[in-house]
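J.: Residue-level listing of the chains:
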Amino acid sequence: MTIFQKKLRIGLAIMALLTPLGIYLPNRFNAGDAWGEWGTDKIQELLGYVPEGLKKLSDFWKAPVPDYNFSGENAAFSTQVISYIISGMIGIVAAVLLIYLITKFLVKHEK
Amino acid sequence: MHIPDGYLSPQTFVPLYGVSFVFWAIALKKIKHELSAKYIPYLAMAAAFSFLIMMFNIPIPGGTTGHAVGAGIIAILLGPWAAVLAVSVVLIIQAIVFGDGGITAIGANCFNMAVVMPFVSYWVFKLVKGDAKGGARFYAAAFLAGWFGLSVAAVVAGFEFGIQPMIASRPDGRPLYAPYPLSVAVPVMALEHMLVFGIVEGLVTALILKYFVKHESESVYAMKEA
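Chains V and F are the protein sequences, given in the same order. For the first sequence, this note's numbering assigns the number 1 to the initial residue and increments by one for each residue that follows. For the second sequence, this note's numbering assigns the number 1 to the initial residue and increments by one for each residue that follows.
Just chain V, same shape as in the assembly (with noise of 0.2 Å):
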């Protein structure tokens, strides 16, 4: 690994711990959910209905870690903010396994 590169791994480790500011400044500045995102209970407020295709294709897939979560919506924020950290670590290492896995995968066939 070259220096600099460990530079890079440094700035991603030093981001992964940073990233309770994601959830930290919405709840701080009670701004809601992303535009388009909103659970089926949010749509039955802004609309006063749930359109029937939404509805039955929402509970499609039951995420593992919803929400990057593990403690669900009402633990204290505390919790909140080490369940974010830790989901941060999930995604790097799935991320970094998964791109290893495909570039071994595609060098294997060349030969």
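Accuracy of the hints is not assured; some may be wrong.
[Said to hold, decoys possible] Below, simulated DSS-like cross-link-like pairs (lysine-lysine); rule was C-alpha separation at most 25 Å, straight line: (1) LYS62(V) <-> LYS42(V); (2) LYS30(F) <-> LYS104(V); (3) LYS224(F) <-> LYS7(V); (4) LYS38(F) <-> LYS133(F); (5) LYS133(F) <-> LYS224(F); (6) LYS38(F) <-> LYS104(V); (7) LYS32(F) <-> LYS104(V); (8) LYS38(F) <-> LYS6(V).
[As the list claims (entries may be wrong)] Pulled from the structure, derived: some chain F residues nowhere near chain V, Cβ distances all over 12 Å: (9) GLY18; (10) VAL22; (11) ALA82; (12) VAL87; (13) PHE119; (14) VAL128; (15) GLY130; (16) ASP131; (17) ARG137; (18) PHE138; (19) ARG170; (20) MET223.
[Said to hold, decoys possible] Here are some chain V residues pointing at chain F (derived, C-beta under 8 Å): (21) PHE4; (22) ILE10; (23) GLY53; (24) LYS55; (25) PRO64; (26) ASP67; (27) PHE70; (28) PHE77; (29) ILE86; (30) SER87; (31) ILE92; (32) ILE99.
Everything labelled a hint here was simulated from the structure, so no lab data went into it. Here the structure is a predicted model, which is why all the values come from computation and not from measurement. The C-beta atom is built at its ideal place from N, Cα and C for all residues, glycine as well.
Model the placement of chain F on the given structure of chain V, informed by the hints.
T.: Relative to the frame of chain V, chain F by itself:
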């Protein structure tokens, strides 16, 4: 900009899966062709970076949130096809593990953020920078690359949302999927990304490029090709 399950009708998400598949296939072929061992750690770090930057939700006070994607800077540093792969991998993990973006919408989300965005960013960067290898014009090109890439991706996502009431409604006119028409979805998605999140994306793009040029300018993809 992670479209959840249920917002897009099958008439929309199935074809977009098809389009993304084509780009994934080409990206794998291109990367296989250009793959050198030196390049793999950068590709892995690019994916990790994109995952992390999307976790930094930026609030519009009292309103919604959004975030940068990182596809523009990845396209400039490693090439647009590498960005297609790195950002797609991230979006697929986000959908499957964290429920961020729908499973049915993986094709659409990858098309918007991992295809449209890196190519727009890359072209804008090449076009604006001209022959510059540093200086104001070069970094303005990087800023605009990030800004345009994210804004155009947002407009495309807004378009996908906005056509739903036209193509999938009940006989009485009530929409079956995303409920807002083009006249709402496109301006909202465009404006919030042009005025807020795109600025952040542009700054991130320019600052990271500056760091790479300072330390390892010979590895910057967009500076290698004539």
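J.: Tell me the hint numbers this structure goes against, listed in increasing order.
T.: 11, 12, 19, 22, 27, 28 and 29
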